[in-house]
Amino acid sequence: MSIPFPSDAWIKAMMEDLNQSQAYAEAAKNWEGDFYFIIEPGGNLDRTVILYMDLWHGKCREAFEVTDPEARKPAFRLSGPVQTWKKVMTRQLDPMQAMMTGQLRLQGNMAMVMKNVRAAKELVESCTRIPTIFPV
Amino acid sequence: MWYFASPLIVYGEDALSHLATLEGQRAALITDAHLVSLGLAEKVTKNLCQAGLEVVCYDRVEPEPSLEQVREGAEFLLAHHPDWIVALGGGSVMDAAKAMWILYARPDLDPEAINPIERFNLRAKARFVAIPTTSGTGSEVTWAIVLTNRTERRKLGLGSREVIADVAIVDPLLVMDLPPRLTADTGLDALTHAIEGFTSTYHNDFTDGLCLKAAQLIFDYLPRAYRHGKDDVEARTRLHYAATLAGLGFGNAMAALAHGMGHALGAIFHLPHGRAVALALPYTIAYCAQGEPGSTRYAELAYHLKLPAENEREAARALIESVMDLMKRVEQPLTLAQAGISRRDLEHEMQILVDHAMNDTQTIMSPRIPDESEMQSLFWQMFTGEISL
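Sequences listed follow chains A and B, in order. At position 17 of the first sequence (counting the first as 1) the number is 17 in the numbering used here, and the numbers step up by one without a gap. At position 74 of the second sequence (counting the first as 1) the number is 1074 in the numbering used here, and the numbers step up by one without a gap.
FYI, nobody ran anything at the bench for these hints, they're computed from the structure. From a predicted model like this one, the values you see are computed outputs, not experimental measurements. Here a beta-carbon is modelled for each residue, glycine too, at the ideal position from N, C-alpha and C. Possibly wrong hints are sitting among the right ones.
To be verified - Computed from the model, here is a short list of chain B residues facing chain A with C-beta under 7 Å:
(1) 1002
(2) 1158
(3) 1359
(4) 1361
(5) 1372
(6) 1373
Based on the provided sequences and hints, a complete structural model is requested.
Laid out in structure tokens, this is it:
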């Protein structure tokens, strides 16, 4: 069954997928840092949605839709319009190219990112595996 | 949306004299002690002085530049306030100078955090000239920076599109006296750039022609340049241009798995960069050719290189044979064992090699990406010379 994106159910489905992925466990074994994925309005999405993921040494410890943006101080924030998220999640747009061309904006410890690029790639792979209904 | 980036390329005999046309106040020449002793730094300085620039020189760049090295170089720049940075040397010097330029603009930055996503506003302080003295790295036209974290024994593939030089001076006179071993190591680095640039997942119409032309020139001219050195001016010149073409090609299309593995090997066993990536190349071609049908471009590459092939696998075999034949002709090792690495040392360092190769920024551009156990097999194949295809 397809799950609406962005939503609490969707990020929890991704958490489950990540925690079953051997490839992610290998690639992200040194990763430390939680995320806000910030999805900006577009199409039928009329508000900004923030999804939280706590990623720690190859596992996702917690994931939920954020109701109070001040509740956490995540190490990383990745933001962009929902149309861009859809392109990345449906493999129409490479995530690194999306960031380099400013279509997605990443804030956080860039040294950690540059030393763990494989983890980032596996994270996106996980997104593509979730059967998803997009609002655009 | 994507970009094709290139400096102004000034090429040909006496291209160095273009430096006399630069406009500014002060140039910082970044180089190494060897190039000073050969008199090349003095030639550059003379041209810069003709332009009316005051010249200060940092000549302490070491091979495989470290994070500490670029911090020290950035301090030098911050003390002298140049409005031009002129990098004279091989890949180590040019990569170090690019990183120093970034820290000159952003002294607060951890060099490990140099990345292609943030904007550093480099040109508010200085512009950049790159002058290669080897024919291989392509760094004069790329936005790539490779630095070594000595504590972690790891090479970091970093970069920023802003560090594309304003001017690249590709003067074949500067490489006429390159020793044969360095000619072979760096020439094979350029070949790896050309082949990986053509086959990486970021390949595109703007870079394909550059990679193909570079590969053709390297197959034709590297053996001659290796054998005859400065007595074969044509070979030296064409090989020098080929390295820059390959740099433009892979610089805008990225390198791939051979570079990821080569970086890991280079940092652990101190193999020269070109030797390490070329060693990995045949094994990675064989590995990728066994991936998902349609994911590689070896038949197209073989067609342009006039290698006999009916399909991707045959093309990969023909390509591997050609690369290995070229390596033999320039007396390069074909296995890690021949490169002087013992079974025991490889076994001892395997986990760290695998970890670093897996998370190298170039590895993820490969049309087929190995998991941990496949990566380990690839390193063992490189040791024994066994290529299964």
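How the hints compare with the structure:
no. : hint : in the structure
1   : 1002 : 6 Å, holds
2   : 1158 : 6 Å, holds
3   : 1359 : 5 Å, holds
4   : 1361 : 5 Å, holds
5   : 1372 : 5 Å, holds
6   : 1373 : 9 Å, violated
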